[in-house]
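Novice: Protein chains in written order, with the numbering used here: chain A, 1 to 635; chain B, 636 to 1270.
I should point out that these hints are in silico values taken from the structure, not numbers from a laboratory.
Don't be surprised by glycine CBs; every beta carbon is placed ideally from N, CA and C.
Treat the hints loosely; a few may be bogus.
[As the list claims (entries may be wrong)] Interface residues of chain A toward chain B, partial, derived using beta-carbon atoms under 7 Å: (1) Thr64; (2) Asp142; (3) Asp144; (4) Gly301; (5) Pro311; (6) Ala314.
[Unchecked claim] Restricting the straight-line Cα-Cα distance to at most 27 Å, the calculated cross-link-like pairs of lysine-lysine (DSS-like) are: (7) Lys157/A x Lys1100/B; (8) Lys792/B x Lys256/A; (9) Lys157/A x Lys792/B; (10) Lys159/A x Lys811/B; (11) Lys1218/B x Lys256/A; (12) Lys283/A x Lys1225/B; (13) Lys157/A x Lys965/B; (14) Lys132/A x Lys881/B; (15) Lys323/A x Lys792/B; (16) Lys256/A x Lys794/B; (17) Lys1087/B x Lys1100/B; (18) Lys794/B x Lys590/A; (19) Lys323/A x Lys811/B; (20) Lys1225/B x Lys132/A; (21) Lys159/A x Lys1100/B; (22) Lys246/A x Lys811/B; (23) Lys1225/B x Lys256/A.
Protein chains: 2
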Amino acid sequence: MTAICSMIIFQPHGIRVETTEGRTILEVANEAGIKINSICGGEGLCGKCRIIIREGKQNLSPPTEAEKRVLSKEDLANNFRLACQTKIEKEGLIIIEVPPESQIDRQRLLLRGLEREIKPQPAIRKLLLRLKEPSLIDVVADADRLLGAVESQTGLKVKMDYEALKRVPHLLRQGKWRVSVTLWRDEEIISVEPDFSSDLYGFAVDVGTTKLAGYLVDLNNGKIIASASMMNPQIVYGEDVITRIKFASEDEENLKALNRSVIEGINEMILEACKEARLSPEKIYDMTVAGNTAMHHIFLGIPPNYVALMPYSAALQSAVDVKARELGVKINPGAYVHALPAIAGFVGGDAIADVLATEIYNADGISMLIDIGTNTEIVLGNKENLVACSCASGPAFEGAHIKHGMRAVSGAIEHIWINPDTFEVGYKTIDDEKPHGLCGSAIIDVVAEMLKTGLIDSSGRFVTKAETPRLRRKGNSVEFVIAWKDETSNAYDIVVTQNDVREIQLAKAAIYTGASVLMKHRKIQPSDIQRVYLAGAFGNYVDPQNAKIIGMYPDVPLERVKFVGNTAGSGARMTLISIDSRKTAEDLAKRIEYVELGADPNFQDEFLKATYLPHMEPGRFPSVMAILDKRSNRL
Amino acid sequence: MTAICSMIIFQPHGIRVETTEGRTILEVANEAGIKINSICGGEGLCGKCRIIIREGKQNLSPPTEAEKRVLSKEDLANNFRLACQTKIEKEGLIIIEVPPESQIDRQRLLLRGLEREIKPQPAIRKLLLRLKEPSLIDVVADADRLLGAVESQTGLKVKMDYEALKRVPHLLRQGKWRVSVTLWRDEEIISVEPDFSSDLYGFAVDVGTTKLAGYLVDLNNGKIIASASMMNPQIVYGEDVITRIKFASEDEENLKALNRSVIEGINEMILEACKEARLSPEKIYDMTVAGNTAMHHIFLGIPPNYVALMPYSAALQSAVDVKARELGVKINPGAYVHALPAIAGFVGGDAIADVLATEIYNADGISMLIDIGTNTEIVLGNKENLVACSCASGPAFEGAHIKHGMRAVSGAIEHIWINPDTFEVGYKTIDDEKPHGLCGSAIIDVVAEMLKTGLIDSSGRFVTKAETPRLRRKGNSVEFVIAWKDETSNAYDIVVTQNDVREIQLAKAAIYTGASVLMKHRKIQPSDIQRVYLAGAFGNYVDPQNAKIIGMYPDVPLERVKFVGNTAGSGARMTLISIDSRKTAEDLAKRIEYVELGADPNFQDEFLKATYLPHMEPGRFPSVMAILDKRSNRL
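Chain A with its partners taken away, still in its complex shape (with noise of 0.2 Å):
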């Protein structure tokens, strides 16, 4: 049996590719370069590779049973399918169209992070040096020559890198024996340029589970020049830290596999970030990476298996310092990558980040910083004492296990409320195009406005009893139309299904547990509480009352809760700027106190009460109370 040969155009990209049958759209995609979401791991179960067949229907085999139960009577009708399960039949043409919500790529948006004013003292600093010329009486070597005319520039006995050394010779000549030397840490040349400029860059990268955010810093003023974020790319290997360790774990290929990912993903960053502010990567001569223990051990390619086994030994807390080029980072050669300490546990570099740029470190008053993301980190403290833990909370405030969520792109639903009267629904998108789904930020919002507006109970339960065309039952469950078929881009409604609550309240429940725990562990009460920040690499604005209306946090007065973005992002940049940073990066990592939640005995019971919205026990909420109170009562 010869194979068939068949054409498939992907859009929007344009791109072509020719194939063979018994194939998935999925497989040829990925080997195409086109990223198509894909969480479950091509078994049909997410619902994330939704794409439209344009043409060529007829070539493709029949829906499974996994698409009838993922995708609704009118998605098949309207031509939807899921990558996975559709595989090549026939020989023909075949045109893809990749939604949006869909695609695996860059975010437009990235909200910065709150951060403080630092004094630029950064690892590296560039000497400007004029060599004497050799000649038959001073046979002085190259090398020699150049780390003598740093010793009586700086008085430093230096190192020169491997790779700064091979290029010498012919970069002196270049130059005419006047170069441009980068110094890091005084202890090492990195790298030697034939020019006399004192040009200095930085990259900051905040590795998170579901996205990835990078910064180019002019390490000359500290100021960001340009940024750029995507998600993760180790999504298609799973979608949270648990997966992906056992992805790891099975086998040394994985861990290559996931590691090769994250390295690539960060340098399609580094140079879309350099394109923009028209930079050579080699400019590019520090980087600081944080993000949580696993991301960190994969980063650097170390196994993480036994993060995640009891008793959850990381491989390493420290800082540490890798030459770029042994960790595939393609910047300056001769650049070091400095990997910030970990706390313990899945506690890593992001959260010291976040204490970093929230500087609760420095404070009287007591505060919590929570980290919102698929891993939510929350610290809890102030300069005394600082505890911190890690919660399981999973990637739903990504967008993910959420039927209509999708990534804060252009078009995505970002805020949402509801009129109590008439339960119609108001919207803002990205870029206030026509909506495709819901971003993180919009699905706190529903879930408040519909407990609000009494669209759903306490439990969490739709309130059917509602008179409004928007709640309607959907086989044997119920959903809340959000946008109208003919409001959105895609031809089918958006909505909130009983689901995606369910989803809400496990990651809401997940992180208030994780808070009440610390909590207890201090004899700290809300009241005590002087300062909530909430942050995470949400591309807008969370809005602290909704999040505190579903119990994401402890009932705290809202003027003293703060959202504050993606401080993760913000602390890596503070450690790429300055040195001081890094030390308290290190000083912090040893002061602040793990907690373990499972070795919590109340840990289960404290999680169930939590699921309920906001609370089982409504005295741990009165202000939120005092809000619900006032829903309507026609229901």
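Put chain B on the given structure of chain A with help from the hints.
Specialist: Just chain B now, with coordinates in the frame of chain A:
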């Protein structure tokens, strides 16, 4: 036209290769990994790629003009061809014998050099550590746990190699928290192993222009446990440093090719030595390398271009430590390779190693050290003052440019004597096998013996009135038969040609001139010299008397002259065994004054006079003249 398919069998390797028409035997052999000597780069000039066609002559191209020039009629009749000239023309079986003198591979013999007994004090040491197993109340990360254990055992705060770090989590558990840790210079953990062994090995390498020598050393006691040597595989790119530098300068890829070839050669020696010692190369934790500046630069992948151009600047003089894995050297991946410091010009770490091994830097009396090779280094002086130069003596003493020159393998003639009355020749071959050719020591012997017996005169010309069938005309020239073809293993007479004598005259003149320029520089007479050390990576013993008779070094009483073998290898080994020796080497590199021979205004005149045997001014060699005056007057 379709290509013709032929089968070639190479003997004695027994390797079968399928190939197509139009290709030369040398090309096919190279691709099959069969290393055939080729100094001229396939131009048909050097005659080193002689092969014997055992079958399939009719399938090959007829002898070229170049072959007719280089090969004798006898050779051609005996089916000798040059591999670089012989092309496959017709389909069929071809059986090729590669005679020993045409094979580039390991030399079976290696003379060790003079070596001082030194106390082992290596750059590395091993710690055996028992770690506390982590628990829920002791969550220190793996690497930090290990670093803490090192600190508590030694008081040292050390770094950890990145490759070692990546292995830590698995290794600690594999070793059940009992591990051995290798420390480099008390600064860095370079290896962690799940055992409790204190095994500690190192490898020292002498990178000669023509030969490589490697020594596997037990660093717990400083003893050599295995050694290996081979031709420098760079030889296919040119026989002397100038040719190789020229090649490297032409293209970045050329430098890479040279670099790869020497690294691969070293890796082969490492494997061979480890096999002999039944050791994994991972158990080698340190390595030192000595070589002249060109070999040193190419080994490190540093462009050697400017070493050969006025004002002859090296790229690097200081000692340098580079990670083995960055160089591609296959020992423990965390290990460093220490390249010895250089003096200036071409006088590199090999000369420093010679000085270390002979300890002339500690002597009251004046010593002269001559390290004979394709590039010959000379150092003169005592503990107060040392000067050095480098002589382009060429590869004649290593068997190249000599018609029947060969390496010191089984069957090489190593010593020769000639009966002054009958001109009959006595010789000794390595392993007492049938002779194939002459190695370095025999080449010196034969010229000295011919001079003593009056077969050649002081201008180096054959004295044709000698009545012996061994001295015969050959075309326009004259040659002397060392061994008749019925005595040899290769069916032809082994001879010394007039041209061979010329090559030796030029080579020894280069050395003598270097010595005399240094002496003039220091205002030293031969009688002031207390010690002459003749060194070199010869396969066997060089006769100091014969070397003096041909005028290779100044006329110093024989009891003051010593052949000390491969002291470059010894010195490399000393720096491997002791960091004190590394310190001394660095001091020496700064202390030894470099003399640029080309800058001496009388250089050419001195050189020309030195081409005579022993010298144009007999007064310089009174003791040699006393011997020569006894020579037979019958001529």
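Novice: Where does the structure disagree with the numbered hints, that is, which hint numbers, in rising order?
Specialist: 1, 7, 8, 10, 11, 12, 13, 19, 21 and 23
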